[in-house]
Amino acid sequence: MNAPRGSMSRASSKDHNSGQAMPKTDGGMFWWTIGISVLIGMATFSWIFSIFVFTHPETPFNYSFLEKMNRLEEIRQFDEKSVPAGRTYNPKDLYQKFYTLSDRNLKDNNALLRRNYITNYKNKDEKPFYLSGRFRVVHARPLTKGDVFTTGMVARAVAMTDDEREYRNVVVEYVLPTIVDAKPEQQFSAGDLLDIDSRRKKRRLYSSVINVERLNEDVLVFTVVPLLYGEHTVDAIKGITLTAAPPVHLNLKAPLPITDNSFGAIAGPGVGNPDMEPAGILTALDSPAVPGKGGAVPVRSTVATTK
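Start counting the sequence shown at 1; every next residue gets the next number (my numbering).
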């Protein structure tokens, strides 16, 4: 049956005159796809960012972020029963352990050492490196807000051999953090002999390495913190002690090592040679190593002990 003449044209004219556009579903799907993709990307970034922040608290930004969010675990005060298991090295063995590392590997190891300290050594696969031996103090000073540890005392010392000669390949920074600022007299003096977990001690301190710096081709500087805090004897003759405690806050934007290289292991002939006369250190002892204290400094035997 034939359709009435003009019916198609009238229908088309009606649709055209009505001004109603046909819906376009393909454009809406495009923007929905873009929006969902953006949301997925943001969720993925947030997930990766969160993992990185929580697993790398040794990074200054991450540490500051976690501290503001109150998501940092307090650095723990260990005792002899709970202290993390690790290997103890004498200065020469510790030097051999790190000397062969490239600068890149040393940087990566330092990040891991700081991470383990901040997280209280929860990763059982990463054991601490403990330092043991006798050291001659070169200079010492109270810690400030510009240091990684903001309160307490730090001493820079050079390693000694069993026959009391200087082993200048190894320089140690011995850090004693405290709750309150240390007084000027609560610090070691240049020339003091510092025993760290040596045979002369009755109690171990478990001084853990948190940073290793290559001073020059032959010299390494080790920053160590005793995991057993408590009261430390600074001057047994005068009865001066310093009560160490886990740090409440770390300034990770500050550099490591903490102390400068003045009066440290002097580069040049004889570095690391026990038969070489320690002229560099003797020169330091004839100079004012501590503000307000000048002239020759008497040598005291100071055993780092806790009560």
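A couple of the hints might just be wrong.
[Stated by the list, open to error] Result set (DMTMM-like, lysine to aspartate or glutamate): computed pairs, CA atoms no more than 25 angstroms apart in a straight line:
hint, residue 1, residue 2
1, Lys253, Asp181
2, Lys81, Asp125
3, Lys92, Glu73
4, Lys92, Glu185
5, Lys97, Asp181
6, Lys97, Glu231
7, Lys81, Glu231
8, Lys92, Asp181
9, Lys97, Asp195
10, Lys145, Asp197
11, Lys253, Asp79
[Said to hold, decoys possible] With beta-carbon atoms standing in for the labels, derived distance ranges:
hint, residue 1, residue 2, range
12, Glu164, Ala85, 41 to 49 angstroms
13, Ser102, Trp32, 48 to 56 angstroms
14, Gly35, Asn123, 21 to 29 angstroms
15, Glu80, Asn261, 30 to 38 angstroms
16, Glu67, Asp181, 41 to 49 angstroms
17, Thr233, Ile51, 43 to 51 angstroms
18, Arg165, Gln77, 33 to 41 angstroms
19, Arg165, Ser64, 38 to 46 angstroms
20, Met69, Met29, 54 to 62 angstroms
21, Ile40, Arg71, 32 to 40 angstroms
22, Ile48, Thr100, 27 to 35 angstroms
These aren't lab readings, by the way, just hints derived from the structure by calculation. C-beta atoms are modelled at their ideal positions from N, C-alpha and C, and glycine is treated no differently.
Going through the hints against the structure:
1. Lys253 with Asp181: Measuring from Cα to Cα gives roughly 20 angstroms; hence the hint holds.
2. Lys81 with Asp125: The hint holds at about 19 angstroms.
3. Lys92 with Glu73: 34 angstroms, violated
4. Lys92 with Glu185: The hint is violated at about 32 angstroms.
5. Lys97 with Asp181: 35 angstroms, violated
6. Lys97 with Glu231: Given pair Lys97, Glu231 is violated - Cα atoms ~31 angstroms apart, limit 25 angstroms.
7. Lys81 with Glu231: 18 angstroms, holds
8. Lys92 with Asp181: 34 angstroms, violated
9. Lys97 with Asp195: 21 angstroms, holds
10. Lys145 with Asp197: Violated - the C-alpha atoms of Asp197 and Lys145 are around 29 angstroms apart, more than 25 angstroms.
11. Lys253 with Asp79: Roughly 29 angstroms between the alpha carbons, so the hint for Lys253 and Asp79 is violated.
12. Glu164 with Ala85: 41 to 49 angstroms: Since the Cβ atoms of Glu164 and Ala85 sit about 32 angstroms apart, the hinted range of 41 to 49 angstroms is violated.
13. Ser102 with Trp32: 48 to 56 angstroms: 51 angstroms, holds
14. Gly35 with Asn123: 21 to 29 angstroms: Roughly 40 angstroms apart at Cβ, these two residues miss the hinted range, so it is violated.
15. Glu80 with Asn261: 30 to 38 angstroms: 35 angstroms, holds
16. Glu67 with Asp181: 41 to 49 angstroms: For Asp181 against Glu67, whose Cβ atoms are near 21 angstroms apart, the range 41 to 49 angstroms is violated.
17. Thr233 with Ile51: 43 to 51 angstroms: 44 angstroms, holds
18. Arg165 with Gln77: 33 to 41 angstroms: 36 angstroms, holds
19. Arg165 with Ser64: 38 to 46 angstroms: About 44 angstroms separates the Cβ atoms of Arg165 and Ser64, which means 38 to 46 angstroms holds.
20. Met69 with Met29: 54 to 62 angstroms: At 39 angstroms between Cβs, range violated.
21. Ile40 with Arg71: 32 to 40 angstroms: 26 angstroms, violated
22. Ile48 with Thr100: 27 to 35 angstroms: Once the Cβ atoms are compared, 34 angstroms apart, the range 27 to 35 angstroms for Thr100 and Ile48 holds.
In summary, the numbered hints that this structure violates are 3, 4, 5, 6, 8, 10, 11, 12, 14, 16, 20, 21.
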